[in-house]
Structure formats: structure tokens, C-alpha cells
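Engineer: If you want the building blocks of each chain, they are given just below.
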Amino acid sequence: MTRAVRLHDIANARTGDKGNRLNLVLVCRDPAHYAAVAEQVTAERVAEVFAARKPTRVVRYDLPKLAAFNFVLDGVLEGGVNASLGLDGHGKSLSFLVLDIPIEIVAETSRRSIRGTVS
Amino acid sequence: MAKVFIGAAAGFAGDRSDAGGPVVDALAAQSGPRFLMYETLAERTLALCQLERRQNPQRGYSPALDRMLPPVLARCLAAGIKIIGNFGAANPAAAARRIEEMARSLSVRPPRIAAVEGDDIASKLSAHDLASRRVDGADLAQAGEIISANLYLGAQPIAQALDQGADIVVTGRVADSALALGPLLHAFRWSADDWDRLAAGTLAGHLLECGAQVTGGYFADPGYKDVPGLAEVGYPIAEVDETGAMVITKPAGTGGVVNRLTVIEQLLYEIHDPSAYLAPDVVLDLTDVEVAETGKDRVRVSGAQGRPAPETLKATVCVDGGFLGEAEISYAGPNAAARAQLAAEVVRTRVRKRVPHLNVRIDAIGVRSVWGATDTPIDLRGVQTDDVRLRFAAESANATDIGILLDEAEALYCAGPAGGAGVRRRITPRLASASCLIERKFAEPRVTMLGAPA
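Going down the list, the protein sequences come from chains A and B. Under the working numbering, the residue at position 57 of the first sequence is numbered 57, and the numbers go up by one with no gaps. Under the working numbering, the residue at position 262 of the second sequence is numbered 262, and the numbers go up by one with no gaps.
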């Protein structure tokens, strides 16, 4: 049995920038969720979430020892902090764009690390 | 030698000037080699400092110096805590003299201050030379005058300055992580090809370089990631042993939290390929790093691996980036979204007629302000809101063109939809930056010692 949650309920994220390239760190709060995130939050899925920004390349690096992933998204900062017309040229708010992704997790997974559900 | 303690008191130029106090207190209570690092040099900061230096050869150091150092200088000198900071920006020698003055006015013993220079390559490479080495960012071939061009120097000159007895080391552009690796090379005498240890020292620097970002800053998310005492968040301290393993912690009695999650978020922050983080002194591989909570606000980090340093050094080059213009106006109450949408259309129609080539971004703050894309117009149809603030933005080399957009936004007061309120407008000069890869022969780091003899 699985249940639907948002990524925000089970994982942390942080974004950083280098020019027009964004890095997004995704860390499972409970390492038990690593496999579900690895299977469902693929580079392609993250690229879809960023479709409006037309990424030229999205790569996911897996860090199983840390129950974490590093996504590198090229071309999504509209030129970056020195060139973007937007308010968030650094992309600091974009971690929460990814945390809104729905994800199915095994229902019996420890509840202490889960907060909220998708209705 | 048991352990080396490195505290971080600033992660950027705008950081808190009182962050260093509790870190210095904690370091003063320890014995052994202790260091306090300050990272205050964003890409843009250095270019602005370079412009300032052109106006006045005695200036061009980071304005953060005058704000951050006075609160800790006397205590650090008294306790034997060495200070390493990239406050020098475009003029490390002037920063060193400024610190000398500061010490005099505080009536503390005259410190030995080392200035690390040699990162500035603007006089060595022409715009054309730099353009041919560009890997990312602004198009240097099309750009005008080069405002600043600085290599990221490594940790060796910092270690050298400390070897020569410096109490304070001020640098210009160095790799942020070198601010911690330098002291470790000095204290442990690690050799320049001991790649795993250099990697560990680089990792320590990477974890410290953003200050509170590893101790609960840029982390809190109430109900999901709670951080106690965020208003008084403690800045980090790394306790590093001779093997390169470290514990990340923070001063007792401060707010914030150090746990597995705060450390991992920072571990991968601004990293691309985790198996190859390029630094001037080593290529750091994070693949096998392990992170373990060993006590309250204590996290052990080990397993960094290193490979030989890259053949080239990264440089950041800044050129004139024209102007950014921004104007805002608010609509509130019944039908606010529809009135805002109409205002956006009025401005768009008029600007398209008057400056057809100007690319205008329009945001609706409260509905869409940071996500979406500039080429996706806002659509407020059906949006329920009692308060929305429109923001218009454009950039151009021509400030007059931008002025037309800002005038049109302001004209909404009398000629736009009902109830338009609170116009604010501004034009900001911009700097554009590019990254280049530069052969090592252009790096000629120099250490100049100022102040009392050893």
C-alpha cells in the first residue's frame, strides 16, 4: 500500500546559483524514503516542473550515503543574478517549487518523519 | 596536535556584524590553534570595490571590514585567535592599513597584518585574451571596458602569511574554502599534494563559508524544519583533526541547530558534480562523505577524498551591464486583480509603442513574483486577491529607454485604473560577469607583511 504526500512532507531542499545554473539539494528527512524519491523525482520530473524556464540540461547526482540528491539545472535563472529581470535572480525560492511535487510513499513508513498529506 | 578550531563570522558582505562575538567567546575558551574566518566578497562586491579604488587609491576594500572587525579585533588579539578574511577585495594593502588604524584607535597591541595579493589579472590579460578563455556568463567579446578580472587564488599564500606570524590575513579574491584550508595547511603542515587532506580542508571551508547556513540559517520552515532561537542563530565552528575529519558545531547558548540535515544541505550547496568539486588546491570528491550526529549540535563529517588540483584557475570578470529599471504600484480591495491586469495591459501597450525593443517583465507580487518566466505574461483572470502589487522591470544600456517604462508606470496614478497606489521606481546600474579559465602562470600570489615584527 502506498499513500500520496508532497515532497515537502518528507524531504528538505536548498537551492544555490552559479551564473545561469541552479543547483538544488534534495535530502530525505528519513533515509527510508530514499528509494521512493530516487524512483519518482527523476531529472525528467524536475525538468517538467521547471518547464516555463526552459532548462537546457538537468542532471541528477545521487548520494545514497547521505540519502540526498543534487540536481543541476542549466539555463533556468534567466541569465542569473546579474542579468535576470526577475526578483529572484539567485533562484533562492526555487527549492519550494520542487518540494510541491506529489510523491507516493509506502504507507507503513515511519510517520514521525512525515508531515501532512495531499488531499 | 589534537584539534584546530575554525569559526566563521560572516558568509557574505551583508551578514550580521554581531555574529562574531559568540564565536570568539567559544574559541577563546579553547586552547590550541584557533582561527576566525570572514567571507564577504560576492562577485559584484569586488567589481564595485574596483570602481571605488579608481576614484581613491586608498579605498577599494570591502565596506564590511569597518562593520565586522571592530567588535572582535581586541578579543581575538588578546586570545591569540588569528583572523582570515577576504575583506581586501580590490585593495588588500589598503585594507591592511585600515586594520592597523583600527587597532590603534582601539588601543590594542599592534597586530601583524598580512595582505595577500596577486589575484587581479586585469593588467595581465586584455579583454580579447579574457574573451578567448571565457567559459560562462556575459559575452566578453561584445562587452565594453573590463571593470575587474580576478583569479580565485588558493590556500597556499594564506598558509604562508600565517607561517610568517600574521595575526590577521586579508586577501582579495581567493576560493572561499581557502579561508579555512589556509589555516589548516599552516597548523597541520599538510603537504601540497596530500590530496585527501586538502580535500578535507576544502570541505571544512565549504561548510563554513556561508556562515549560519550550516547552523540553521536558510533552513527554517516552521512545522517542518523548526529552528530554535533563529533570531540569535549561532555561527559555525569546525573542529578539525589531523586526519581531516571534523565536527561542525556552534557556540553554546546561541540559537540555531546543527544536525544531519543542516549539514547535508550546506554540504551540497552550490556544488555541481559532487564527485568533482573544483577548487584551486584540489579536486574534492564528496561521494563517500559521511555525516553523523555525535551530540547536541555536533555533527561529525568525514570521508572527503581528493584528486590533483585542476590545471587552470577560475577567474571572474566583470563588465558594465547597463541599467535595471523597476517600478511598482498596488491595487487593493474588490476587483483588485482585474484592475491590476488592466494596468499591466495599459503599460505594455504604451511601452510597446514608445520603445518597441524594450523587453518588459511584469510581476504581480502576491500572485507571481519569483517563479514563472519573463516571457510568460502574468494572467490575473479569476485570481482572488484583496491586495496585489504590480512590478515592472526592464534592462537596457540606455537609461532613457528605461525611464520611459518607469514614467509609464508612474502615470498609472492619474491615467490608469481606479485606486492605483504607492508607486516606487528606481534605476540601478548593473554589472555583468563572466567566468574564465586561466592558466596558472598568471597567478602570482604575493604576501606583504605590515605591522609589528614577530
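Take these hints with a grain of salt, some might be off.
As the list claims (entries may be wrong) - Listed next, the stretches of chain B that the computed footprint assigns to chain A, with coverage defined by at least 3 CB atoms under 8 angstroms from CB atoms of chain A:
| no. | segment |
| --- | --- |
| 1 | 19-32 |
| 2 | 46-57 |
| 3 | 264-270 |
| 4 | 280-293 |
| 5 | 371-385 |
To be verified - List of simulated lysine-lysine pairs, DSSO-like, C-alpha gap at most 30 angstroms:
| no. | chain 1 | residue 1 | chain 2 | residue 2 |
| --- | --- | --- | --- | --- |
| 6 | A | LYS54 | B | LYS353 |
| 7 | B | LYS296 | B | LYS124 |
| 8 | B | LYS296 | A | LYS18 |
| 9 | A | LYS65 | B | LYS296 |
| 10 | B | LYS296 | A | LYS54 |
| 11 | B | LYS353 | A | LYS18 |
Simulated from the structure, these hints should not be mistaken for laboratory data. Just so you know, these numbers come straight off a predicted model, no measurement behind them. Where is the CB? At the ideal position from N, CA and C, for every residue including glycine.
Engineer: Compare the structure with each hint and give your call.
Structural biologist: Going down the list of hints, with the structure as the test:
1. 19-32: With 0 residues closer than 8 angstroms to chain A, the segment 19-32 of chain B misses the three-residue bar; violated.
2. 46-57: violated (count 0)
3. 264-270: Held - the segment 264-270 of chain B has 7 residues with a Cβ nearer than 8 angstroms to chain A, which meets the minimum of three.
4. 280-293: holds (count 6)
5. 371-385: It holds: at least three residues are needed, and the segment 371-385 of chain B offers 5 whose Cβ sits within less than 8 angstroms of chain A.
6. A:LYS54 to B:LYS353: Holds, at roughly 28 angstroms.
7. B:LYS296 to B:LYS124: At roughly 51 angstroms apart (the allowed maximum being 30 angstroms), B:LYS124 and B:LYS296 break the hint.
8. B:LYS296 to A:LYS18: This hinted pair is violated, its Cα atoms lying about 33 angstroms apart.
9. A:LYS65 to B:LYS296: Satisfied, since the Cα-Cα distance of roughly 22 angstroms is no more than 30 angstroms.
10. B:LYS296 to A:LYS54: violated, 43 angstroms
11. B:LYS353 to A:LYS18: Status violated; Cα separation ~36 angstroms.
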